[in-house]
Amino acid sequence: MFDHLSDRLAETFKRLKGHGKLTEQNIADAMREVRLALLEADVNYKVVKDFISQVKKRAVGQEVMRSITPAQMVIKIVHDELCTLMGKEGEPLVLTGKSPLVYMMVGLQGAGKTTTSAKLALNLKKRGKKPFLVPADVQRPAAIEQLKRLGKQVDVPVFDTDPGQDPVDICIASLADAARAECDVLILDTAGRLHVDEALMAQLKAIKERLHPQEALLVADSMTGQDAVNVAQSFHQSLGLTGVVLTKVEGDARGGAAISIRAVVDVPIKFLGVGEKLDALEVFHPDRLANRILGMGDVLSLVEKA
Amino acid sequence: GKTRDKISGSIDKITLGRKIDEELLDELEEVLITADMGMPTTMKLMDNLRGKVRRSELTDVEALKKALAKGIEGILSTPEPAPERDNNPHVILVIGVNGVGKTTSIGKLAHYFTKQGKKVLLAAGDTFRAAAAEQLEVWAERTGCPIVRQRHGADPSAVAYDALEAALSRERDLVLIDTAGRLHTKVNLMDELRKIHRVIQKRLPGAPHEVLLVLDATTGQNALSQAKLFNQAVPLTGLVLTKLDGTAKGGIVVSISSEMQTPVCFVGIGEGIDDLRPFEPADFAKAIF
Ligand SMILES: Nc1nc2c(ncn2[C@@H]2O[C@H](COP(=O)(O)OP(=O)(O)OP(=O)(O)O)[C@@H](O)[C@H]2O)c(=O)[nH]1
Ligand SMILES: Nc1nc2c(ncn2[C@@H]2O[C@H](COP(=O)(O)OP(=O)(O)OP(=O)(O)O)[C@@H](O)[C@H]2O)c(=O)[nH]1
Ligand SMILES: [Mg+2]
Ligand SMILES: [Mg+2]
Numbered sequence: 001m002f003d004h005l006s007d008r009l010a011e012t013f014k015r016l017k018g019h020g021k022l023t024e025q026n027i028a029d030a031m032r033e034v035r036l037a038l039l040e041a042d043v044n045y046k047v048v049k050d051f052i053s054q055v056k057k058r059a060v061g062q063e064v065m066r067s068i069t070p071a072q073m074v075i076k077i078v079h080d081e082l083c084t085l086m087g088k089e090g091e092p093l094v095l096t097g098k099s100p101l102v103y104m105m106v107g108l109q110g111a112g113k114t115t116t117s118a119k120l121a122l123n124l125k126k127r128g129k130k131p132f133l134v135p136a137d138v139q140r141p142a143a144i145e146q147l148k149r150l151g152k153q154v155d156v157p158v159f160d161t162d163p164g165q166d167p168v169d170i171c172i173a174s175l176a177d178a179a180r181a182e183c184d185v186l187i188l189d190t191a192g193r194l195h196v197d198e199a200l201m202a203q204l205k206a207i208k209e210r211l212h213p214q215e216a217l218l219v220a221d222s223m224t225g226q227d228a229v230n231v232a233q234s235f236h237q238s239l240g241l242t243g244v245v246l247t248k249v250e251g252d253a254r255g256g257a258a259i260s261i262r263a264v265v266d267v268p269i270k271f272l273g274v275g276e277k278l279d280a281l282e283v284f285h286p287d288r289l290a291n292r293i294l295g296m297g298d299v300l301s302l303v304e305k306a
Numbered sequence: 307g308k309t310r311d312k313i314s315g316s317i318d319k320i321t322l323g324r325k326i327d328e329e330l331l332d333e334l335e336e337v338l339i340t341a342d343m344g345m346p347t348t349m350k351l352m353d354n355l356r357g358k359v360r361r362s363e364l365t366d367v368e369a370l371k372k373a374l375a376k377g378i379e380g381i382l383s384t385p386e387p388a389p390e391r392d393n394n395p396h397v398i399l400v401i402g403v404n405g406v407g408k409t410t411s412i413g414k415l416a417h418y419f420t421k422q423g424k425k426v427l428l429a430a431g432d433t434f435r436a437a438a439a440e441q442l443e444v445w446a447e448r449t450g451c452p453i454v455r456q457r458h459g460a461d462p463s464a465v466a467y468d469a470l471e472a473a474l475s476r477e478r479d480l481v482l483i484d485t486a487g488r489l490h491t492k493v494n495l496m497d498e499l500r501k502i503h504r505v506i507q508k509r510l511p512g513a514p515h516e517v518l519l520v521l522d523a524t525t526g527q528n529a530l531s532q533a534k535l536f537n538q539a540v541p542l543t544g545l546v547l548t549k550l551d552g553t554a555k556g557g558i559v560v561s562i563s564s565e566m567q568t569p570v571c572f573v574g575i576g577e578g579i580d581d582l583r584p585f586e587p588a589d590f591a592k593a594i595f
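First to last, the sequence lines map onto chains A and B. Just so it is clear: in the first sequence, position 205 is 205 by my numbering, and no numbers are missing. Take the position in the second sequence, starting the count at 1, then add 306; the result is the number in my numbering.
These are calculated hints, taken from the structure and not from any lab test. Incorrect hints may appear among the rest.
Dumping the calculated DSBU-like pairs for lysine-lysine here, alpha-carbon to alpha-carbon at most 30 Å [to be verified]:
id: 1; chain 1: A; residue 1: 148; chain 2: A; residue 2: 125
id: 2; chain 1: A; residue 1: 277; chain 2: B; residue 2: 501
id: 3; chain 1: B; residue 1: 492; chain 2: A; residue 2: 148
id: 4; chain 1: B; residue 1: 501; chain 2: A; residue 2: 46
id: 5; chain 1: B; residue 1: 508; chain 2: B; residue 2: 492
To spell it out: a stretch of chain B is covered by chain A in this simulated footprint if at least three of its residues, at any positions, have a beta carbon under 8 Å from a beta carbon of chain A; those stretches are [unchecked claim]:
id: 6; stretch: 322 to 332
id: 7; stretch: 386 to 399
Restraint ranges, calculated between C-beta atoms of paired labels, are given here [to be verified]:
id: 8; chain 1: B; residue 1: 365; chain 2: A; residue 2: 46; range: 25 to 33 Å
id: 9; chain 1: B; residue 1: 324; chain 2: A; residue 2: 95; range: 52 to 60 Å
id: 10; chain 1: B; residue 1: 346; chain 2: A; residue 2: 97; range: 47 to 55 Å
id: 11; chain 1: B; residue 1: 329; chain 2: A; residue 2: 25; range: 38 to 46 Å
id: 12; chain 1: A; residue 1: 23; chain 2: B; residue 2: 322; range: 38 to 46 Å
id: 13; chain 1: B; residue 1: 346; chain 2: A; residue 2: 173; range: 51 to 59 Å
Glycine included, each C-beta is placed from N, C-alpha and C at the ideal position.
All chains, full assembly: derive it from the sequences and hints.
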């Protein structure tokens, strides 16, 4: 599978003698292969369509650099455009504002919110902050217990949530305890929910309106398929997201969902979850993800050196 | 559920009052791709359809939709009959990547089989994730089924072994074994799964009678890799497709069926105890169009 795209592009350009300009015709052929690669990586259908037309515009008429082949030239253009689309690397969390800072974690069921809450707590603690974890999921069986255990593992205090309370009230009540514990960042772990569940989306909105979080982070599974756009769009419309955390990235998913999400909501990808352990949280690198989406190994570093 | 209405809704909007032309075919292709069916399966279905159109075997839009549904149904239908669950006890091992809905599906399955009069026992084979056993314990209470568990960090094969012992001595009809979520690419965790499987086989020859891989309907093309690698570690007997109550279409199971003939057994359509249905390929395909 690796280098698949570059081989196919090389094939496409075989007839292109010497090093000339990229033309409308050979670009069109190449774009068919790129389209296939992106769809196989789970980039959304419509996003692929727009992306391809963007790349085409940029590529047609370009001189092929002396040192590389036309196939490599196309890959470079596609790769650069993907990186541009995905934005800067690891944009930092907002660490300034009225104390305590409030981060809320949202997303579909099973995406990794609770685990990522604990990972963030550990990350912030290492940076000298005093985080406070708030279980605001009274829905999933043993969700409160899960966060309590994780909090213990990273040695961060966890709010003693009353499961009979409404999540909005839980979040409000946690403020006093956080202050008493002299904590300066509140991390709210909310229940997993479908983006089409209006009642539950309204609950998130209410939490946001009452606590004015500096960060509303969408936790999204890197294995998500075509539906990622609908999910991201709905959460963004309801909440105004400030960032995305992509989880389970250490597997073999191509991660096209990242592109889809970036294309429909204008918020940065801030972190990657790369394991179940609580230190498995990494800063996001657009170029690495671009390589992966294209299914490219070393080809790019060759192009870069050229 | 909602998923089916969504798919059929979009198809109807596309095909209403139209004639068969290249544009319409392209739009149908888009529907298949956005349902996560994957390029090879989509192209196979569409090539077939285009051939029929060229040979004038399909001339109106209704017949076109029917043919497409038939194509999908054909791929999803396996000749094998549904498993008889009358072993004593009948053992079902539930596996999958992280967060797909294994534990919840076990809760729902426990309820489903209990309603059929079976005496079910649950095994908390996820000894790794924080509060995983506590989560299954809640489902045991909800369904009134006994549960076998050990301390956090215990060997999951030992839990499976204990569960079989308990099921035999307490004359339970069915054992549902939960496992920790694991990515199919992690060699050591897949080895752990093999060991669980081996221990079960050894204690009760013929068991596990079913190995169900749980897949999340929101997952894209990676689900195919999951199915292949899990199947290499422990031979799968069926799939459970969860979270079909969202807007994701779960089309990847068509790709999986097309490549490896593993039947979808159940679908999950919510977080509640009743939100589980046996999978019906004909209904699924018909409901799409
Ligand atoms: N391999 C891997 N597993 C992860 C990662 N992040 C989370 N998980 C696992 O994914 C599963 C679900 O994680 P949770 O944190 O419970 O997800 P959630 O979004 O809180 O789930 P709900 O509260 O049920 O909606 C657990 O098994 C986690 O250990 C990651 O980066 N890599
Ligand atoms: N909407 C919806 N949510 C579901 C469905 N099945 C499970 N869930 C939810 O998905 C989340 C994860 O479910 P679990 O059963 O904990 O998943 P798991 O595979 O056991 O997770 P790990 O053990 O951490 O790997 C929970 O919030 C469940 O309530 C379903 O069919 N529909
Ligand atoms: Mg959670
Ligand atoms: Mg589980």
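Hint check results:
| no. | hint | in the structure |
| --- | --- | --- |
| 1 | A:148 with A:125 | 16 Å, holds |
| 2 | A:277 with B:501 | 22 Å, holds |
| 3 | B:492 with A:148 | 27 Å, holds |
| 4 | B:501 with A:46 | 44 Å, violated |
| 5 | B:508 with B:492 | 25 Å, holds |
| 6 | 322 to 332 | violated (count 0) |
| 7 | 386 to 399 | violated (count 0) |
| 8 | B:365 with A:46: 25 to 33 Å | 30 Å, holds |
| 9 | B:324 with A:95: 52 to 60 Å | 55 Å, holds |
| 10 | B:346 with A:97: 47 to 55 Å | 50 Å, holds |
| 11 | B:329 with A:25: 38 to 46 Å | 23 Å, violated |
| 12 | A:23 with B:322: 38 to 46 Å | 40 Å, holds |
| 13 | B:346 with A:173: 51 to 59 Å | 53 Å, holds |
Checked against the numbered hints given earlier, this structure breaks hints 4, 6, 7, 11; the rest are met.
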